[in-house]
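Novice: The chain contents come next:
Protein chains: 2
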Amino acid sequence: MTKRIGLFGFGVVGQGYFQIAKKQKEKWIPDTIVVKDQKKRRPSDIKFSYHAQDVFDKNPDYILELISNTEEAYEYVTEALKRGITVISANKKLLSAHLPELISLQKVFGGKLLYEAAVAAGIPVITTLETHFEEDTIVSIEGILNGSSNYILSRIFNNGLSFDEALRMAQQKGFAESDPSFDISGSDVASKLNILILHAFGKFVGEEQIATFGIQNLGEDEIALAKSLGLKIKLIAKAEKDYRGISAYIIPTLVEESNLFYGVENEYNAVKINSEHLQDQFYQGKGAGSLPTGAAVYGDLVKARNGFSYNYSKVNFDKPLDEKLLNLGIKVLVKCRSEEIIENNIFSTEFIERVDGFYFAVGKVKPKSLNKLNELKEVSLIALPDYLSAEDILHELKEIQKSGELI
Amino acid sequence: MTKRIGLFGFGVVGQGYFQIAKKQKEKWIPDTIVVKDQKKRRPSDIKFSYHAQDVFDKNPDYILELISNTEEAYEYVTEALKRGITVISANKKLLSAHLPELISLQKVFGGKLLYEAAVAAGIPVITTLETHFEEDTIVSIEGILNGSSNYILSRIFNNGLSFDEALRMAQQKGFAESDPSFDISGSDVASKLNILILHAFGKFVGEEQIATFGIQNLGEDEIALAKSLGLKIKLIAKAEKDYRGISAYIIPTLVEESNLFYGVENEYNAVKINSEHLQDQFYQGKGAGSLPTGAAVYGDLVKARNGFSYNYSKVNFDKPLDEKLLNLGIKVLVKCRSEEIIENNIFSTEFIERVDGFYFAVGKVKPKSLNKLNELKEVSLIALPDYLSAEDILHELKEIQKSGELI
Ligand SMILES: NC(=O)c1ccc[n+]([C@@H]2O[C@H](COP(=O)([O-])OP(=O)(O)OC[C@H]3O[C@@H](n4cnc5c(N)ncnc54)[C@H](OP(=O)(O)O)[C@@H]3O)[C@@H](O)[C@H]2O)c1
Ligand SMILES: NC(=O)c1ccc[n+]([C@@H]2O[C@H](COP(=O)([O-])OP(=O)(O)OC[C@H]3O[C@@H](n4cnc5c(N)ncnc54)[C@H](OP(=O)(O)O)[C@@H]3O)[C@@H](O)[C@H]2O)c1
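These protein sequence lines are chains A and B, in that order. 1 is the number of the first residue of the first sequence in the UniProt record's numbering; add one for each residue after it. 1 is the number of the first residue of the second sequence in the UniProt record's numbering; add one for each residue after it.
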């Protein structure tokens with residue numbers, strides 16, 4: 001039986017979906033495609049509409065929401081769910097902001113919402129959390145969740161490019177937007193981690209609560225330090241749960257060769273799940289791009305057709321969905337221009353040292369401070385693995401300074 | 001609604017399942033547990049039976065088949081499927097031998113059969129092939145699928161143990177059976193690859209057809225060679241499909257650091273899938289052990305309860321399920337005591353060289369020859385990556401001989 005499909009958005013993801021759907025036995029070609037910009041040149045053999053209502057007028061079985069805007073996506077998706085229509089979305093910003101409401105709408109009106117492409121694109125992490133881990137207790141979930149940032153870090157560590165050169169290259173390759181701030185500030189990752197936390201721990205924490213620091217201020221000094229220690233820096237997102245509650249943070253992190261994330265390069269994403277029974281699992285796949293994301297959307301459609309939906313099995317619907325995150329300190333190396341910033345934000349400080357006009361310190365930072373520091377220019381933080389002592393870091397910084405590599 | 005569960009087998013996997021089921025909200029404690037050996041000491045607080053009929057007499061909703069024997073498993077599983085009962089099995093030997101019939105029985109009588117634990121234990125590879133890749137075209141599937149062999153190789157490469165010491169250690173740790181031949185000869189892997197081929201390519205090839213060579217004859221010389229080249233040896237299973245058909249082989253393989261399998265150590269398993277749309281995916285997880293396998297069985301039960309079953313979506317049921325594999329040559333380094341073996345089995349030979357009583361050669365081997373050679377003592381083969389030339393290998397062998405490391 002042919003299904004009627006309405007599609008919103010015909011950009012990177014929408015075109016990827018379209019290209020894939022055309023080749024299948026079950027073509028699932030949308031009967032309506034709504035886009036926004038009336039002046040844009042489009043393929044002449046496809047009919048486009050500029051009115052959302054055109055999608056709803058056709059009484060579609062499925063709606064694909066693949067647009068770049070969040071507010072309008074919210075309107076389309078809630079409207080569809082209120083009509084009991086099943087929706088596939090790739091929109092992490094929308095989902096991260098409105099999941100609790102979107103879950104209720106599914107319950108009340110019976111339409112389903114699937115969104116595998118929204119987190120780690122091609123990696124089936126949400127489906128796997130919902131099925132394979134349904135009755136297992138998750139201890140932690142950790143990931144490299146932004147392809148652009150990871151691509152930039154790969155160019156810096158493997159090709160010796162500067163941050164700015166690497167960013168330009170990511171933009172040329174189409175991995176980073178012309179305004180890349182969502183990608184490199186960690187904001188995109190915070191949306192994704194927020195969604196994963198709901199599926200892993202059954203709680204909605206909201207991305208504003210997640211301690212987030214991006215790679216935007218990463219300087220030559222931290223890069224030289226990592227290299228001289230034989231380590232790499234990766235933008236790691238991590239959420240864990242223990243008897244006290246959930247903690248979650250996103251921060252550039254020093255990783256050693258034995259860490260599975262060490263080998264995750266370029267536009268790849270990866271997810272590590274630690275659970276009580278299945279213990280360690282690691283998944284790696286393409287984190288962005290037209291075909292992998294389009295395939296994830298098509299895959300959701302196939303799953304929905306087969307009757308699959310998210311159970312939100314970790315959620316206890318008799319209790320509030322919202323949860324306050326733990327306020328635990330994270331051990332970091334901080335670099336900035338002012339000693340005050342360190343004094344006001346870093347505690348358990350192990351050293352403060354002035355090197356070439358910068359202050360360097362090792363100490364701990366609380367989630368709230370991290371979010372504030374992420375807004376400042378010229379402040380750089382990286383998380384340190386436990387085995388690295390402050391003395392090791394200080395020693396290495398001085399060595400780098402001596403050898404003149406530090407700017 | 002409580003479901004009635006019948007359990008066959010209370011060994012490593014059965015006990016893992018039981019331990020997990022006891023802790024859940026939905027306990028799913030089997031009402032009948034059938035085991036075999038009447039003399040074995042058992043926990044006194046659990047009731048056991050020694051008669052398969054006891055399971056069927058209770059009219060169970062689900063049967064878990066977790067026994068070590070294949071013939072009796074065949075009887076229980078076919079009996080259950082004929083009664084339309086849903087079965088969870090971890091028995092790769094059974095499945096690999098009888099999948100076509102077991103698929104028909106599901107179709108005819110409506111009972112379902114799930115078996116995630118049978119391949120790569122905790123990694124949800126079959127479910128992922130059936131859902132996420134349902135409408136994607138798979139190009140190749142590759143894996144480290146035997147925890148014991150991989151554990152042995154890790155001890156050899158990371159701790160400098162000899163093969164025999166490493167095997168003893170694997171047995172002490174419970175990763176290898178007291179008769180480890182299934183594990184180290186590649187036979188266990190062949191069953192698993194045979195099952196994966198059905199889910200990835202929709203064809204049943206039969207494990208006898210799969211070119212298989214184990215690690216049982218791996219000698220100091222090949223190990224020294226790999227080490228001096230900065231490589232590791234991993235027992236890699238690979239199946240790929242192109243316009244000509246499917247090829248499949250299992251063989252110890254030289255892998256370089258940039259290969260994701262390089263970092264898969266100890267009892268871990270890993271699977272790499274390359275597909276047209278999702279491109280590269282890589283999954284790693286525990287490949288053996290009581291909790292990971294028990295959790296995979298429990299997970300299957302949850303999936304079955306949720307209405308999930310394998311679609312065998314790659315299978316074209318209008319065509320024969322059986323398929324002949326391609327007979328392509330594989331580039332190998334062979335070591336043996338007789339020049340005749342090389343002449344009779346290796347073609348496109350690039351060199352034959354006598355070193356310390358052994359003949360070494362680089363050339364190609366056909367699947368049928370590989371299977372014959374796997375039966376012989378003192379014949380060792382490793383697959384070579386394309387970039388390594390015969391000259392490089394020969395040069396390195398001579399260097400090793402000079403430095404006296406070669407026995
Ligand atoms: N790109 C990736 O690799 C990737 C990966 C995972 C998730 N995502 C998510 O997928 C979604 C789409 O991303 P994208 O990369 O495909 O974006 P994109 O290339 O910028 O394309 C966005 C599309 O949405 C359309 N659009 C914007 N506002 C609209 C509205 N109000 N009504 C109808 N159409 C509207 C645009 O129309 P015009 O054609 O008229 O401009 C365009 O076709 C986003 O939520 C993004 O976060 C993207
Ligand atoms: N171990 C792993 O990590 C692993 C991983 C994946 C898949 N598997 C598969 O899972 C299955 C079970 O493996 P295992 O490691 O749990 O084996 P195991 O530890 O040797 O236990 C086998 C169990 O099967 C019982 N049994 C044997 N024949 C029986 C029969 N005819 N009727 C009833 N019970 C019978 C045995 O009974 P007694 O107690 O009376 O001896 C024992 O309880 C095998 O197919 C294996 O290939 C194992």
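Simulated from the structure, these hints should not be mistaken for laboratory data. Among the hints, a few may not be true.
As a list, the in silico SDA-like pairs of lysine to any residue whose alpha-carbon atoms are at most 20 Å apart [unchecked claim]:
1) Lys25(A) to Tyr243(B)
2) Lys25(A) to Asn306(B)
3) Lys25(A) to Val379(B)
4) Lys107(A) to Asn306(B)
5) Lys364(B) to Val315(B)
6) Lys272(A) to Asp280(B)
7) Lys364(B) to Val379(B)
8) Lys23(A) to Val379(B)
9) Lys23(A) to Gly329(B)
10) Lys112(A) to Phe204(A)
11) Lys23(A) to Gly219(B)
Novice: It remains to establish, for every hint, whether it holds in the given structure.
Specialist: Verification of the supplied hints:
no. : hint                   : in the structure
1   : Lys25(A) to Tyr243(B)  : holds (18 Å)
2   : Lys25(A) to Asn306(B)  : violated (27 Å)
3   : Lys25(A) to Val379(B)  : violated (48 Å)
4   : Lys107(A) to Asn306(B) : holds (17 Å)
5   : Lys364(B) to Val315(B) : violated (32 Å)
6   : Lys272(A) to Asp280(B) : holds (17 Å)
7   : Lys364(B) to Val379(B) : holds (15 Å)
8   : Lys23(A) to Val379(B)  : violated (47 Å)
9   : Lys23(A) to Gly329(B)  : violated (33 Å)
10  : Lys112(A) to Phe204(A) : holds (19 Å)
11  : Lys23(A) to Gly219(B)  : violated (49 Å)
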